[in-house]
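Could you put together the complete structure from these sequences and hints?
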Amino acid sequence: MRTRTARHLVIWCLAGAAALALATACGRLRAVEVTGDSMLPALKPGDWLLVRTGVRPEVGDIVVARHPDQRDLLIVKRADHRAGDGWWLESDNQRARGRRDSWDFGAVPDALILGRAIARYWPPPPTTFRPTFRTKKPARSN
Numbered sequence: 065m066r067t068r069t070a071r072h073l074v075i076w077c078l079a080g081a082a083a084l085a086l087a088t089a090c091g092r093l094r095a096v097e098v099t100g101d102s103m104l105p106a107l108k109p110g111d112w113l114l115v116r117t118g119v120r121p122e123v124g125d126i127v128v129a130r131h132p133d134q135r136d137l138l139i140v141k142r143a144d145h146r147a148g149d150g151w152w153l154e155s156d157n158q159r160a161r162g163r164r165d166s167w168d169f170g171a172v173p174d175a176l177i178l179g180r181a182i183a184r185y186w187p188p189p190p191t192t193f194r195p196t197f198r199t200k201k202p203a204r205s206n
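All you need for this note's numbering is the position in the sequence shown, starting with 1, plus 64.
To be clear, the hints were calculated from the coordinates, so they are not data collected in a lab.
Each residue gets a CB set at the ideal place from its N, CA and C atoms; glycine is no exception.
Take the hints with a grain of salt, since some may be wrong.
Stated by the list, open to error - Here are the simulated distance ranges between beta carbons:
(1) Pro188 to His145: 28 to 34 Å
(2) Pro187 to Gly118: 24 to 30 Å
(3) Gly118 to Ala160: 26 to 32 Å
(4) Ala70 to Asp144: 40 to 46 Å
(5) Ala106 to Trp167: 14 to 20 Å
(6) Arg71 to Pro105: 35 to 41 Å
(7) Ala106 to Gly148: 24 to 30 Å
(8) Leu73 to Leu104: 29 to 35 Å
(9) Lys108 to Arg71: 29 to 35 Å
(10) Ala147 to Ala70: 21 to 27 Å
(11) Ile75 to Asp174: 38 to 44 Å
(12) Ala160 to Pro190: 22 to 28 Å
Below you can see the structure in the form of structure tokens.
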């Protein structure tokens, strides 16, 4: 039974990887690494996000955008509200050192919003350990 489950897990992982590769090749998905503390506790430095490009964000979404003043720099922020022809993007951790968001540069135009984060895929979530053997003998019934 255990090898069958492991085999199914491997097949699903390979199928998922193939689908991800296809979507990435078509330009609909993008991988982005979180590098700062500004999105703690939701996101930590070293987290990798899967970003769906070309979709309009909604209030509360975590989005990836080009920095308005440094177009080669990508920022990961939360969409707080619409502001004119753009989005007001805020950090979750306003006390982070080096934090830069809409409080510093204003609303980010729609053209600079790359997409919405749809998943954090690395590091994988912690798993709980469940032993497959009995730790105590079952009580004897008479």
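Structure-based check of each hint:
Distance hint check for Pro188 and His145: the Cβ-Cβ separation is about 33 Å, which falls inside the suggested range of 28 to 34 Å. The supplied range of 24 to 30 Å is met by Pro187 and Gly118, whose beta-carbon atoms lie about 27 Å from each other. At about 29 Å, the beta-carbon gap between Gly118 and Ala160 stays in the expected band of 26 to 32 Å. Taken as a hint, the range 40 to 46 Å holds for the pair Ala70 and Asp144, whose Cβ atoms sit roughly 44 Å apart.
About 18 Å separates the C-beta atoms of Ala106 and Trp167, a value consistent with the hinted range of 14 to 20 Å. Here the CB-CB span from Arg71 to Pro105 is close to 37 Å, well matched to the stated 35 to 41 Å. In this structure the hint that Ala106 and Gly148 lie 24 to 30 Å apart at CB holds, the actual value being about 26 Å. Restraint check, Leu73 to Leu104: a C-beta distance of roughly 31 Å satisfies the suggested window 29 to 35 Å.
A hinted range of 29 to 35 Å holds for the C-beta pair Lys108 and Arg71, which are about 33 Å apart. Range check, Ala147 to Ala70: about 50 Å between beta-carbon atoms, so the 21 to 27 Å window is missed. A hinted range of 38 to 44 Å holds for the C-beta pair Ile75 and Asp174, which are about 40 Å apart. Between Ala160 and Pro190 the beta carbons are some 24 Å apart, a value that agrees with the proposed interval 22 to 28 Å.
In summary, the structure is inconsistent with hint 10 from the numbered list given earlier, while agreeing with all the others.
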